[in-house]
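Build out the structure end to end from the sequences listed, making use of the hints.
Protein sequence lines, in the order shown, are assigned to chains A and B.
94 is the number that the working numbering gives to position 94 of the first sequence; each next residue is one higher, with no gaps.
Take any residue in the second sequence, note its place counting from 1, add 156, and you have its number in the working numbering.
Some hints here could point you the wrong way.
Lysine-lysine pairs mimicking DSBU-like chemistry, simulated, CA-CA at most 35 Å apart [to be verified]:
no., chain 1, residue 1, chain 2, residue 2
1, B, Lys179, B, Lys250
2, A, Lys24, B, Lys239
3, A, Lys71, B, Lys242
4, A, Lys10, B, Lys200
5, B, Lys174, B, Lys200
6, A, Lys24, B, Lys327
7, B, Lys314, B, Lys327
8, A, Lys66, B, Lys314
9, A, Lys39, A, Lys66
10, A, Lys10, B, Lys250
11, B, Lys250, A, Lys24
12, A, Lys86, A, Lys74
13, B, Lys307, B, Lys164
14, A, Lys10, B, Lys234
15, A, Lys66, A, Lys24
16, B, Lys239, B, Lys250
17, A, Lys74, B, Lys314
18, B, Lys217, B, Lys234
19, B, Lys239, A, Lys66
20, B, Lys314, A, Lys71
21, A, Lys71, B, Lys307
22, A, Lys86, B, Lys179
23, A, Lys74, B, Lys307
24, A, Lys71, B, Lys164
25, A, Lys86, B, Lys219
26, A, Lys10, B, Lys242
27, B, Lys239, A, Lys71
28, A, Lys86, B, Lys200
29, A, Lys52, B, Lys327
30, A, Lys66, B, Lys174
31, A, Lys86, B, Lys234
32, B, Lys242, B, Lys327
33, B, Lys307, A, Lys24
34, A, Lys39, B, Lys314
35, B, Lys307, A, Lys59
36, B, Lys174, A, Lys74
37, B, Lys174, A, Lys59
38, B, Lys327, A, Lys71
39, A, Lys74, B, Lys179
Just so you know, these hints were derived from the structure itself, not from any lab.
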Amino acid sequence: MPKIAITGSKTNLLIRIATQEIIKETNYLFDQIESEQMKRQERGMTPAAANKSILADVKNNADFMKAWNNKIDKIAEALQNEMVAKPVNIYADANPQLLFNWILGFVKTSHCGDCERMSQMEARTIEEWRAEGVGLPREGLTECNIGCKCMLEEAK
Amino acid sequence: MAKHVRFKFVVDFTQFFKREAEKNIIGDETTHSPTYRSLIARMKKGIRMDAAPGNDPETIKRKGKDHWLVDTGETIRKMFGVKASKYNLEVYAKDIKHSGRHSYFTKKGGRVIKTARAKNRPTYQQLMEWHNKDRYSGIFGQLPAGSQFPKRFAEEAKRQIIPQISAALSKNVKIQVKM
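Have a look at this one:
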């Protein structure tokens with residue numbers, strides 16, 4: 001596992017990128033609102049009436065407003081994937097085709113027989129690890145039980 | 157030729173970031189959901205919900221407990237720094253020295269907190285570099301598993317921007333077509 005940064009710079013960069021994307025999408029939304037104003041005036045509406053009808057669309061989350069809301073939600077989703085840590089088992093279940101290595105954890109004495117044996121096997125999928133009959137690291141089914149400090153790491 | 161008038165909007169996440177950092181990212185020791193403080197102080201886990209390492213037997217004997225990084229509680233209380241501005245948020249370990257205070261048990265069994273005048277007291281950053289050992293996810297770098305910060309961030313953006321759209325349209329701001 002890579003050394004964790006403790007200066008906060010990584011999460012700050014992700015936040016700045018997300019903020020810039022939100023600003024970009026909002027600028028595009030305003031461009032769309034301006035286009036709508038012109039279109040509605042060309043159809044014969046007064047500027048005040050055009051603004052009033054666009055305001056109603058904003059409040060009802062119609063068309064361009066819905067698209068903007070969806071884009072903001074997607075930015076948040078991408079930020080969630082990058083910025084929030086995932087428990088290893090959940091990540092592995094969500095990616096059943098990926099291969100993982102059983103990596104021995106930091107212990108004071110020695111590892112149990114199950115973990116030693118697992119760590120010597122080649123990379124496998126999450127289902128293949130479960131099929132070995134000792135569960136996954138830290139689930140409590142290995143000889144070392146809940147004291148297990150091992151982890152699954154995605155094979156490069 | 158008519159002049160094209162442009163909408164303008166303003167977003168400022170400073171107060172939102174400060175609130176989030178204090179309450180939901182750093183949090184306090186008793187928070188039920190994983191925050192940096194509660195992960196170290198109560199759950200003994202890293203941000204990926206992996207178990208923290210244990211102390212050496214000599215350290216357990218001295219401290220009277222097996223609790224990675226926690227002794228007098230000074231680090232958890234004083235380590236965290238926050239820098240929040242309009243578009244930036246940093247939550248970090250301060251690069252200032254630990255006081256050196258540590259606890260030990262006397263022969264009679266009483267707990268004493270002693271100030272060490274060690275020459276090379278570590279900074280909180282150095283402590284955390286050591287704390288976030290290989291194969292333990294520790295804290296910092298990412299937000300703890302289950303964090304809802306990104307979702308709340310999006311909601312805050314909408315909360316700030318949508319009223320500005322409504323206000324601009326309600327004022328009947330004129331748009332003139334550039335021919």
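Each hint, compared with the structure:
{"no.": "1", "hint": "B/Lys179 x B/Lys250", "verdict": "18 Å, holds"}
{"no.": "2", "hint": "A/Lys24 x B/Lys239", "verdict": "24 Å, holds"}
{"no.": "3", "hint": "A/Lys71 x B/Lys242", "verdict": "21 Å, holds"}
{"no.": "4", "hint": "A/Lys10 x B/Lys200", "verdict": "24 Å, holds"}
{"no.": "5", "hint": "B/Lys174 x B/Lys200", "verdict": "25 Å, holds"}
{"no.": "6", "hint": "A/Lys24 x B/Lys327", "verdict": "24 Å, holds"}
{"no.": "7", "hint": "B/Lys314 x B/Lys327", "verdict": "20 Å, holds"}
{"no.": "8", "hint": "A/Lys66 x B/Lys314", "verdict": "12 Å, holds"}
{"no.": "9", "hint": "A/Lys39 x A/Lys66", "verdict": "19 Å, holds"}
{"no.": "10", "hint": "A/Lys10 x B/Lys250", "verdict": "16 Å, holds"}
{"no.": "11", "hint": "B/Lys250 x A/Lys24", "verdict": "34 Å, holds"}
{"no.": "12", "hint": "A/Lys86 x A/Lys74", "verdict": "18 Å, holds"}
{"no.": "13", "hint": "B/Lys307 x B/Lys164", "verdict": "25 Å, holds"}
{"no.": "14", "hint": "A/Lys10 x B/Lys234", "verdict": "22 Å, holds"}
{"no.": "15", "hint": "A/Lys66 x A/Lys24", "verdict": "16 Å, holds"}
{"no.": "16", "hint": "B/Lys239 x B/Lys250", "verdict": "11 Å, holds"}
{"no.": "17", "hint": "A/Lys74 x B/Lys314", "verdict": "13 Å, holds"}
{"no.": "18", "hint": "B/Lys217 x B/Lys234", "verdict": "25 Å, holds"}
{"no.": "19", "hint": "B/Lys239 x A/Lys66", "verdict": "33 Å, holds"}
{"no.": "20", "hint": "B/Lys314 x A/Lys71", "verdict": "11 Å, holds"}
{"no.": "21", "hint": "A/Lys71 x B/Lys307", "verdict": "13 Å, holds"}
{"no.": "22", "hint": "A/Lys86 x B/Lys179", "verdict": "21 Å, holds"}
{"no.": "23", "hint": "A/Lys74 x B/Lys307", "verdict": "10 Å, holds"}
{"no.": "24", "hint": "A/Lys71 x B/Lys164", "verdict": "20 Å, holds"}
{"no.": "25", "hint": "A/Lys86 x B/Lys219", "verdict": "32 Å, holds"}
{"no.": "26", "hint": "A/Lys10 x B/Lys242", "verdict": "17 Å, holds"}
{"no.": "27", "hint": "B/Lys239 x A/Lys71", "verdict": "28 Å, holds"}
{"no.": "28", "hint": "A/Lys86 x B/Lys200", "verdict": "17 Å, holds"}
{"no.": "29", "hint": "A/Lys52 x B/Lys327", "verdict": "10 Å, holds"}
{"no.": "30", "hint": "A/Lys66 x B/Lys174", "verdict": "29 Å, holds"}
{"no.": "31", "hint": "A/Lys86 x B/Lys234", "verdict": "27 Å, holds"}
{"no.": "32", "hint": "B/Lys242 x B/Lys327", "verdict": "26 Å, holds"}
{"no.": "33", "hint": "B/Lys307 x A/Lys24", "verdict": "18 Å, holds"}
{"no.": "34", "hint": "A/Lys39 x B/Lys314", "verdict": "26 Å, holds"}
{"no.": "35", "hint": "B/Lys307 x A/Lys59", "verdict": "21 Å, holds"}
{"no.": "36", "hint": "B/Lys174 x A/Lys74", "verdict": "24 Å, holds"}
{"no.": "37", "hint": "B/Lys174 x A/Lys59", "verdict": "30 Å, holds"}
{"no.": "38", "hint": "B/Lys327 x A/Lys71", "verdict": "27 Å, holds"}
{"no.": "39", "hint": "A/Lys74 x B/Lys179", "verdict": "25 Å, holds"}
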